[in-house]
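Generate coordinates for the entire structure from the input sequences, incorporating the hints supplied.
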Amino acid sequence: MKEHLLSWLTFAPTAGALLLLFARVLMGAREETIRRLALALSLVPLGLCVPLLLRFDPMASGPQMVERVPWIRFFGFNVDYFVGVDGLSLWFVVLSALLVTISILASWRAIDQHVLAFHVFLLLLETGLIGVFVALDLFLFFIFWEVMLVPMYFLIGIWGYERRVYAAVKFIIYTMVGSALMLAAIISLYYLNGGTTFDIPAITENVRAGRLVLDPATERWLFWGFALAFLIKVPLFPFHTWLPDAHVEAPTAGSVILAGVLLKMGGYGLLRFNLPLFPQATEEFAGLLCGLAILSIIYGALVSMVQPDLKKLIAYSSVSHMGFVVLGIMARTEMGLQGAIFQMLSHGISTGALFIIVGVLSERRHTRWIAEFGGLARPMPVFSALFGILALASVALPTLSGFVGEFLVLVGTYTSELAHARAYTVLAATAMIFSAAYMLWTLERVLFGEITREENRHLPDVNGRERLTLIPLAVLVIVMGVLPNPILRRTDRAILELKQAVRGAVLVQSEPLGRRAPNPALFGSAAREQAESMRRR
Amino acid sequence: MLKALVLSPLIAAGILGIFGRRWSERLIAAIGCGSVGFSMLLAFRLFFGDLWPRPPEQRVIWEPFFSWIASGPLRVDWGFQLDALSGVYILFVTFVGFWIHVFAVGYMRGDPGYARFFAYMNLFMFMMLVLVLADNFLVMFVGWEGVGLCSYLLIGHYFDRAYAASAAKKAFIVNRIGDFGFALGIILIFATFGTLRFSEVMGTIAARFPEPEALGEIGLLTTIALLLFVGATGKSAQIPLYVWLPDAMAGPTPVSALIHAATMVTAGVYMVARCSDLYARSLTALFVIAVIGGMTALLAATIGLAQWNIKKVLAYSTISQLGYMFLACGAGAFSAAIFHVVTHAFFKALLFLGAGSVIVALHHEEDMRRMGGLKRAMPLTYGTMLCGWLAIAGLPPFAGFFSKDEILWRTWTSPVLPEPWGRLLWAIGWATALLTAAYMTRLIVLTFEGEERFARSAEGHALVPRESPPVMTIPLLVLAVLSVSGGWVGISEAYTGGRIANEFEQFVRPALARVPVHSDHLAIAEFGHGMELGLAAVTALAVLATLIWARRFYRRDPLRPAPRLLENKYYVDEIYEALLVRPIVRGSTVLLWRVFDVAIIDGAVNGVASAVAAGAAVLRRLQTGLVRSYIVMILIGALIVLGYFVFVGSQFPAR
Amino acid sequence: MERALFVIFALTAIVAALNVLLRRHPLHSALALLVVLGALAGLYILLGAYFLAMIQVVIYAGAILVLFLFVIMLLNIRAEEARLARRPFLRWLALPFALLLGAEIFYLVRTFEENPVPSGTSVGVTEAIGRELFTTYLLPFEVTSILILIAILGAVVLARRG
Amino acid sequence: MESLGINYRAIGPELVLTVTGVLVMLLEAFSPGKKVRDGILAAAGIVLAGVAALALWEEGPVTAFSRMVIVDGFRVFFTLVILLGTLLTIFVSWGFLDEERIPPGEYFALLLFGAVGMTLLVAGNDLMILFLALETITIATYVLAGYRREDLRSTESALKYFLLGAFSSAFLLYGIALLYGATRTTNLAEMARVVSGPLGQAEIVLLMAGAAMLLIGFGFKVTTVPFHVWTPDVYEGAPTPVTAFLSTAPKAAGFAAFLRVFSLTFPPLGIESAADQLASHWVAAVTAMSILSMTFGNFIAIAQTNIKRMLAYSSIAHAGYVLIGVLARDWAAVAFYMLVYTIMNLGCFAIVALWARRGDERVLIAEYAGLGFRQPLLSFPLAIFLVSLAGFPGTAGFVAKFWLFKSAWGAGFPELVIIGVLMTVVSVYYYLYVVIVMFFREPKEEVPRVPLSRAFVAAMVVALVGVFYLGLLPTRVFAVLNTAQNLLAIGQR
Amino acid sequence: MTTIPISWYLAVAAVLFTIGAVTVFVKRNALVMLLGIELMLNAANLTAVTFSSYFRELAGQILVFFVMVVAAAEAAVGLAIIVLLFRHRETLNVDEAQLLKL
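Residue numbers (numbering that gives the first Met the number 0), protein chains in the order written: chain A, 0 to 536; chain B, 0 to 654; chain C, 0 to 161; chain D, 0 to 492; chain E, 0 to 101.
These aren't lab readings, by the way, just hints derived from the structure by calculation. Since the structure is predicted, the reported quantities are computational estimates derived from the model, not experimental observations. Ideal Cβ placement from N, Cα and C applies to all residues, glycine included. Among the hints, a few may not be true.
Stated by the list, open to error - Selected chain E positions facing chain C (Cβ under 7 Å, derived; list incomplete):
| no. | residue |
| --- | --- |
| 1 | V25 |
| 2 | Q60 |
| 3 | V68 |
| 4 | A74 |
| 5 | V76 |
| 6 | A79 |
| 7 | L83 |
| 8 | L98 |
Have a look at this one:
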């Protein structure tokens with residue numbers, strides 16, 4: 000049977016966008032119709048996620064549901080249209096589809112200008128997002144990676160707040176600096192691999208099997224070529240300053256997608272490229288990156304704490320949360336890697352939802368300043384409950400999604416072979432305190448206390464549509480916290496293989512360096528781990 | 000059955016939380032109390048029907064639920080485990096919890112957040128049961144943080160009062176500081192043992208670490224133990240993290256009774272007892288615990304002496320009593336600590352509920368300066384409060400006497416504390432006991448005796464306090480009975496000359512570790528029952544004397560101002576604020592955000608951008624619009640190219 | 000004899016060229032250029048390029064330059080005024096530029112050793128050139144027709160009134 | 000054949016174009032002002048020329064007219080690019096001719112004659128042909144630049160273009176003379192043969208100087224720094240359709256000639272030869288020119304307020320990118336880049352021309368404010384072309400740029416690639432600035448709607464389809480180029 | 000037969016070229032600048048003819064022939080532009096033509 004599921008998933012939104020255009024141009028659809036239609040169209044990829052999840056085989060090795068068609072040929076362009084999902088990417092695809100639908104719902108009233116264009120851009124963006132995660136060809140990956148910048152740029156620039164232009168430009172220039180160097184690195188890698196293919200699994204396999212051995216200097220350059228793009232996207236301190244601006248100025252939908260999916264592309268990239276392709280350089284720079292991750296975690300939390308602007312506060316909290324992702328990835332233990340993925344998913348949902356929360360507020364009050372609120376729990380009890388749950392997920396309260404990710408990252412870091420693993424763990428764990436401080440302080444100032452402004456006294460509570468956006472996310476946050484295994488199980492195999500690839504390559508190449516011996520209680524032979532993971536299922 | 004026991008309050012909480020807002024108070028109360036009552040019945044059934052009859056070494060019921068987190072070598076399941084220790088805990092938690100719920104039915108009447116309140120209370124019960132019944136550290140951590148969350152929610156019940164919201168936040172954050180240590184401890188346990196199951200960790204600890212770590216040695220176990228204890232200092236309000244508990248009194252009084260007196264705050268003690276195998280192997284940790292416990296007991300008692308808010312006095316007394324419990328743990332007497340937890344639950348719940356009754360009667364007046372003479376109007380409350388007063392003061396045969404005395408005795412004879420710390424800490428405990436008697440007497444006197452001071456206060460109307468309705472007084476009576484008799488289950492064998500064993504200790508002991516005994520240390524037995532009885536008598540008499548003296552003293556001048564230092568709680572909050580909170584906030588605002596983020600990083604980014612723009616503007620000037628200058632430019636270029644080709648190029652012959 | 004002629008022609012050319020540069024009035028410059036062209040025609044003769052010498056005089060001097068003169072007369076252009084210069088310093092760049100450019104070109108000329116041009120060659124006779132033009136260089140020759148056509152068309156388009 | 004080599008098929012496209020040009024010109028003379036007739040005729044001539052060019056496809060590589068012209072795949076490809084550019088220019092000029100009341104016949108004739116020069120430049124195998132072709136182009140475009148005669152800006156543009164162009168032609172000519180002195184021939188094939196062996200010291204110096212002069216001349220034509228100075232002024236002052244033409248077809252032709260002269264005649268042979276000695280220097284010089292063009296072009300473009308000037312600087316920057324391809328000596332990449340650049344730049348200018356209205360009144364970027372949603376049929380295509388110029392994936396601009404960079408990296412110019420990608424980021428800034436103004440800024444006054452002519456729509460469709468087709472499914476064109484590469488006249492030496 | 004070294008001719012050409020180039024950027028009159036360009040072209044011509052004679056080969060002279068045609072064409076168009084400019088401006092001073100800049 001020919002496999003087309005992923006193509007459908009990726010391009011259904013594009014088709015949807017075209018359909019929207021036709022609906023307006025040929026049938027003269029009104030704004031309300033456009034909204035409904037866009038929502039319905041966004042449900043298509045979301046619906047396609049069901050067969051995706053059903054057909055995904057957690058046991059299978061390598062990418063699944065692969066489609067491969069020769070695409071561009073001649074002159075060294077051995078570019079294939081090559082897509083597939085594996086444990087690393089599966090959930091991000093689902094997340095993208097989910098958050099786009101939620102975003103459309105969340106923008107129902109907030110977007111009253113250029114409704115058609117908004118939804119067209121959003122759907123195009125979705126294609127880019129899903130495409131990044133399913134692409135298995137470097138060239139294709141890069142196309143999706145860049146392509147999604149344009150709709151995002153428009154989303155921020157047209158429907159954003161006051162300083163939207165500055166934010167949009169900053170966003171695009173910042174990210175493009177990183178991706179420009181990645182392009183150079185891709186080209187370089189292509190030649191180093193023999194100049195015949197952009198096939199990611201093949202190149203990865205060549206590295207793993209020792210057929211593609213890079214000299215250390217080259218590897219370092221390539222590592223940074225890729226890493227910089229990803230770290231800017233993540234964003235890791237000190238490359239993070241685009242994020243507060245972009246998040247704050249973007250419309251709610253834009254913030255949701257930015258926080259929910261775009262940042263994840265950075266973490267995903269590190270997992271997909273830096274770790275397996277440049278294991279030695281990763282080993283070399285892991286300490287540095289961990290240090291920066293720690294800085295991000297603490298710094299993001301502290302700066303978040305003192306923000307007077309609710310949206311900026313949440314934006315900075317993203318910096319903190321995403322620091323965990325980088326830390327987990329650089330720890331390169333199964334728990335760390337899985338924790339990183341889980342943390343990304345959790346952050347995508349909880350922070351995305353928090354941005355919707357801010358959106359709800361700013362739709363009602365046209366301000367995001369914390370000082371303008373206070374005592375909202377009285378007029379808006381449901382809203383407050385949802386805000387509370389999501390904030391607590393962000394605080395990583397056990398049984399909520401944030402905890403699983405952070406805990407796995409912390410355990411993973413502690414048990415890793417990093418040079419200062421303990422110090423990293425301890426420092427990262429301080430986020431527990433800081434996140435509680437900024438989130439609860441925020442809750443206190445927004446929801447609790449006396450109502451200081453008369454306008455707030457009779458604010459309407461979340462309406463049905465808003466509930467439809469927030470409650471599923473809140474429920475997901477709880478479900479993911481209580482039952483993370485369905486997610487973890489589907490990433491297991493890919494993580495295991497990734498870890499083995501990394502470890503194998505490092506061990507093969509750096510045996511004489513004699514790193515400190517792993518704790519035998521934790522690290523059995525690779526074979527034992529394999530057996531173990533089999534048994535677990 | 001364990002699952003049903005645990006989940007019953009959760010389900011009730013869910014129902015109340017989602018649908019409760021539109022329901023009548025009666026229905027809400029029925030669901031709220033009913034679910035806890037159901038849990039209580041199950042707890043009794045499990046305890047007496049299932050656990051008790053078993054032989055001591057088989058008193059473990061394990062119910063796995065489902066897998067929670069499975070990643071790499073980490074396997075964590077939702078699983079519950081009932082043994083003697085948790086058995087005792089669920090018994091009094093559900094029991095006290097149930098009666099406090101009943102009390103709250105009356106206390107919260109007319110509150111707009113009625114459903115919310117009961118939802119949170121039920122949720123709390125669930126979390127507490129999870130904490131107690133967890134079979135591994137991580138699930139325990141769930142309960143641990145969960146009760147913290149509920150505490151947060153309930154302290155902030157009156158969320159539109161700024162101080163309540165602020166107190167709730169403070170409670171959570173301070174608890175989080177403790178949890179930070181706790182979480183690290185858990186990670187370290189996993190890294191060391193490769194598992195988080197209590198049975199596996201505690202079961203293998205002896206084989207893995209046969210020798211206890213000596214005093215002053217900071218080994219792996221000590222690190223773990225101390226990290227976990229950091230969590231305990233947060234949850235159980237010990238130095239230096241006790242500051243949240245007094246503020247937590249901003250919540251409704253039943254909350255204070257249930258969470259901030261009877262159950263949650265003893266979670267730290269529970270945890271230490273649960274990990275007694277671990278603690279028993281680290282003399283350093285035990286020593287630290289004992290010292291911190293003793294210090295906290297004394298410190299809180301002195302502050303309690305000077306507070307005017309009735310609930311604050313009780314809060315400090317709670318801190319003080321918790322200090323006792325840790326003192327016991329530190330001395331290696333885990334069962335004594337648990338014993339005190341139980342008796343304390345009874346009498347402290349009673350005291351809080353009594354205070355609650357008073358507060359309701361006085362229309363939410365909490366300042367003792369505006370109370371007094373209530374014994375006539377509220378005889379039932381007064382009577383039951385007297386039981387609690389005597390119990391906490393430690394007068395025989397009230398509950399507090401037995402547990403407190405055992406702690407003091409065990410401290411005196413502790414095999415793990417270095418000389419002369421056992422006796423030193425005993426002295427601290429002893430002094431605390433007298434202080435306790437003094438400040439509790441003060442509370443009783445100020446509240447119930449002397450002249451009525453409340454009439455003057457409330458908005459011109461004369462206040463006529465009335466006795467609370469039966470729904471509130473019945474729980475008082477029940478708890479009063481237990482405050483009197485609750486201690487009898489654990490009477491030291493000294494009193495019977497060794498004929499009857501200490502029932503409580505006998506029951507709990509298999510679940511707890513035995514501390515190692517130094518060879519140079521006298522065994523308890525060698526001190527003899529005589530000495531134990533003698534010390535107890537001395538204590539009891541001293542307490543009695545204090546009670547009498549204090550009653551006279553405060554009757555004479557109830558409003559005598561306390562030393563400013565004590566009234567201001569040694570300025571600890573202010574010091575924390577000045578040394579920690581403000582620098583962090585200021586530093587984050589000014590240094591990190593404004594200077595580093597905005598000025599330096601963003602400045603650099605924007606600087607590059609504007610440098611590019613400025614450079615562009617300058618380069619743009621090259622285009623003067625003047626043909627002749629263009630020609631000059633071309634000419635310059637031509638000269639350079641030509642020069643390069645002709646001079647440089649022809650100098651070097653072909654390779 | 001030849002050398003003398005060379006020197007005369009060369010000097011005339013250079014001096015006249017300097018006149019093109021230094022004269023204020025465009026008319027004088029144009030006339031100076033006329034002299035240069037004539038002197039160059041002489042040099043062409045020395046080089047044996049008789050045909051070129053001829054058309055140099057007929058076409059270049061006779062047609063193109065006359066066109067210049069015609070325009071100068073037509074527009075009644077006056078002499079340049081010094082103060083109208085927008086970038087007077089450009090004038091001062093002239094000397095260093097001239098020196099540099101001259102030095103570079105001289106350098107490359109100098110390296111061309113003392114190879115004499117054979118005199119009295121007759122490759123440049125009309126017949127030979129004509130044959131070449133219509134055989135080997137047929138295509139470029141035809142292209143010039145387009146060039147002229149464009150020039151005519153362009154001049155018409157640009158200079159036409161209204 | 001070789002002796003005289005008169006082969007009219009070999010100059011088929013040029014012949015067709017010339018005949019059409021003359022025809023259009025004559026028709027104008029006898030019955031003036033028939034725009035549609037002349038336009039269709041000119042377009043038909045271009046299409047026919049394209050057919051004539053395609054007919055040469057399988058001929059290659061041969062020479063004709065005493066080795067004056069060469070027939071190979073690349074000539075055909077570049078010819079087609081030039082014809083496409085000319086055709087699109089006719090579409091773009093449609094409204095302009097009416098507004099300015101320009102006699103269409105003469106205008107089309109000049110375009111066609113200019114195109115003849117360009118195709119000849121591509122075909123030329125002799126410096127004389129190259130010189131004449133170049134002059135044909137420039138003289139035609141001098142006139143075109145000054146076409147709006149009543150507008151002083153247009154005249155000034157023509158004057159500057161003319162003075163600087165003639166000045167640089169003199170250098171080119173001097174270079175040709177010196178190369179002739181060095182190698183005794185003006186024929187490129189012959190010259191390549193001569194320089195592939197050793198030369199005497201004097202000849203080497205002449206060769207170097209000649210090549211340098213040629214580099215200056217070509218550098219001028221393809222607008223590379225520091226010989227770019229004319230570009231912004233001329234592009235700004237010339238009528239917008241002419242600017243569109245100037246920035247595309249002649250540049251494509253220029254680069255083709257550049258490649259023929261430098262990378263085929265003086266290639267780095269790797270053996271001891273004059274060519275190799277020269278190559279190491281022209282590579283260094285062109286590297287410098289490429290870097291300067293990329294940086295200057297992109298940076299100065301940021302500071303522009305006039306969209307035509309901005310596109311002029313962008314065109315300088317693109318010349319810098321293409322030079323990377325020249326250095327990598329990847330004909331196919333350069334050809335493809337010029338095809339793509341022609342399409343997207345003409346697309347851009349088509350909109351600019353339409354928006355500018357009569358007399359190029361509305362050319363400030365600020366005057367695009369609010370265009371975004373008021374006339375999406377203008378703003379969105381413009382945004383797409385700009386995004387393509389910026390090299391965003393999914394558009395042709397990306398594929399073209401990627402190819403250049405890839406070739407350059409493979410050919411050993413990684414530093415150029417890194418500068419190139421970074422400069423691309425800089426370029427994003429100013430390209431998207433136009434987008435910002437269009438979509439994110441509110442107009443100061445009511446924005447009128449501009450009527451769209453059919454020719455404009457046709458140009459848009461062609462350009463948009465081109466941008467996406469070449470950006471997403473370039474394989475077919477690649478296959479054509481692959482054939483062309485195999486048909487490249489290697490045997491020329 | 001006395002002969003003249005080839006470099007003499009080349010030198011004269013070089014000098015003329017230089018003078019022409021300088022004329023172009025020193026003079027402000029567009030027409031005189033055009034004269035300077037003619038001078039440069041002629042310098043190139045002289046070079047070509049010199050080499051042609053030296054090689055006894057015609058290509059150089061043919062080139063010069065073409066250059067003359069080109070010069071004529073250029074002059075025609077250039078003078079047309081100049082006339083056009085004069086009509087607008089009443090001056091040929093190129094320094095005045097500064098509408099397009101920056």
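Here is how each hint holds up against the structure:
| no. | hint | in the structure |
| --- | --- | --- |
| 1 | V25 | holds, 5 Å |
| 2 | Q60 | holds, 5 Å |
| 3 | V68 | holds, 4 Å |
| 4 | A74 | holds, 5 Å |
| 5 | V76 | holds, 5 Å |
| 6 | A79 | holds, 4 Å |
| 7 | L83 | holds, 5 Å |
| 8 | L98 | violated, 13 Å |
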